[in-house]
Amino acid sequence: MNQKCYLCGSEQNKTVFVENGIPIVRCNSCGHAFSTYQQEEHYDGYWSDEEEFDLDWWDLAHRNIYQEFIEKFLQKPEGSLLDVGCGLGFFVKMIGQEKQNWQVSGYEMSPPAVRYARETNKLNNVHQGAVQESGIPENSIDIITLWDVIEHIPYPQPLLKYLYSILKPGGFLFLQTPNFPLQLWKARLKRSIKGMREGVHYLEAKDHINNYTRKTMADLALQCKFEKPDFFAMKPILSVSGSKSELGKLSKLAFYLFTKSLWNLSLQTVNLNLTLFATMKK
1 MNQKCYLCGS
11 EQNKTVFVEN
21 GIPIVRCNSC
31 GHAFSTYQQE
41 EHYDGYWSDE
51 EEFDLDWWDL
61 AHRNIYQEFI
71 EKFLQKPEGS
81 LLDVGCGLGF
91 FVKMIGQEKQ
101 NWQVSGYEMS
111 PPAVRYARET
121 NKLNNVHQGA
131 VQESGIPENS
141 IDIITLWDVI
151 EHIPYPQPLL
161 KYLYSILKPG
171 GFLFLQTPNF
181 PLQLWKARLK
191 RSIKGMREGV
201 HYLEAKDHIN
211 NYTRKTMADL
221 ALQCKFEKPD
231 FFAMKPILSV
241 SGSKSELGKL
251 SKLAFYLFTK
261 SLWNLSLQTV
271 NLNLTLFATM
281 KK
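Okay, so the sequence shown: first residue is 1 according to this note's numbering, each after it adds one.
If you are wondering where the hints come from, they were derived from the structure by calculation, not from laboratory data. If you're wondering where the values come from, they're calculated on a predicted model, not measured in any experiment. Every residue, glycine too, gets a C-beta built ideally from N, C-alpha and C. There could be a bad hint or two in this list.
List of simulated lysine-lysine pairs, DSS-like, C-alpha gap at most 25 Å [as the list claims (entries may be wrong)]:
hint, residue 1, residue 2
1, Lys122, Lys215
2, Lys161, Lys194
3, Lys281, Lys72
4, Lys76, Lys235
5, Lys4, Lys14
6, Lys76, Lys215
7, Lys215, Lys235
8, Lys225, Lys215
9, Lys249, Lys215
Pairwise CB distance ranges, derived in the manner of DEER restraints [to be verified]:
hint, residue 1, residue 2, range
10, Val16, Gly199, 21 to 29 Å
11, Leu247, Glu138, 26 to 34 Å
12, Gln3, Arg188, 17 to 25 Å
13, His201, Glu138, 35 to 43 Å
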């Protein structure tokens with residue numbers, strides 16, 4: 001493939017997985033993996049007007065991880081937080097309920113998602129559009145969060161550089177994204193067992209354009225003026241492929257406890273979690 005790497009610009013890469021005809025490649029120069037699917041830079045079609053939102057997933061399954069974030073990172077009595085790609089607004093809503101002295105707001109590209117956040121979740125602090133056009137003053141935000149956002153953006157550098165500019169000195173950007181080495185192993189296992197089938201989640205080649213490792217996440221941070229990221233082991237989203245199975249949830253929690261123990265015992269060098277959690281400090 002001669003498509004340029006989104007991280008370093010090299011055109012030399014190797015195919016590591018093919019999902020329903022879409023190659024996912026790894027750059028020979030920097031090691032970054034990315035989908036060859038041509039997605040819009042500001043695509044807003046992840047939420048549909050006709051879609052019935054799965055609130056078990058977007059609300060209930062995320063509550064534990066949101067609660068852990070609040071306990072871990074919002075220890076100051078007051079501050080400001082911006083959630084970029086806030087979806088239906090449940091994270092913004094939880095912070096508003098539990099940290100009333102914090103100024104919190106959200107930005108989301110999708111009109112149906114913003115409409116739900118405003119009309120159903122009653123959030124007048126959720127805004128529709130690109131955050132780069134928000135007019136937020138420089139050096140004004142303590143914490144910015146990107147929950148499952150960065151992998152969807154073909155060229156993340158302009159966004160991260162803008163977010164760097166509006167963070168206060170000493171503030172940080174928090175990112176959650178799939179852990180590519182583990183996700184690739186999982187996708188290959190699925191393919192070997194079931195073959196390649198439409199409707200099955202592998203690497204989501206049309207949605208997840210960039211696939212990060214700790215190394216490539218650090219490369220991106222340094223490109224955008226941030227310090228080298230810190231990585232964390234955090235609780236999982238309590239759902240397995242959208243299933244409501246209690247056994248599935250318990251299995252996922254058990255695997256998380258195993259990976260967290262290994263993370264700690266290896267002095268944070270071995271990460272078998274399917275998700276990367278990182279903070280980039282200004």
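Against the structure, the hints:
Proximity of Lys122 to Lys215 is assessed by CA-CA distance (about 40 Å); at most 25 Å being required, the pair is judged violated. Our distance criterion of 25 Å between C-alpha atoms is broken by Lys161 and Lys194, whose separation comes to about 42 Å. Annotation: proposed proximity of Lys281 to Lys72 holds, straight-line Cα distance about 15 Å (limit 25 Å). With a CA separation close to 22 Å, the supplied pair Lys76 and Lys235 stays within the 25 Å bound.
Pair hint Lys4 plus Lys14 holds up; C-alpha atoms about 12 Å apart against a cutoff of 25 Å. Restraint check for Lys76 and Lys215: the C-alpha separation of about 30 Å exceeds 25 Å, so the hint is violated. Pair hint Lys215 plus Lys235 holds up; C-alpha atoms about 22 Å apart against a cutoff of 25 Å. Pair hint Lys225 plus Lys215 holds up; C-alpha atoms about 16 Å apart against a cutoff of 25 Å.
The suggested pairing of Lys249 with Lys215 is violated, with an alpha-carbon distance near 30 Å, which exceeds 25 Å. At about 22 Å, the beta-carbon gap between Val16 and Gly199 stays in the expected band of 21 to 29 Å. Look at Leu247 against Glu138: about 49 Å separates their beta carbons, and that is not inside 26 to 34 Å. In this structure the hint that Gln3 and Arg188 lie 17 to 25 Å apart at CB holds, the actual value being about 22 Å.
Hint check: His201 to Glu138, Cβ distance near 39 Å, so the stated range 35 to 43 Å holds.
In summary, the numbered hints that this structure violates are 1, 2, 6, 9, 11.
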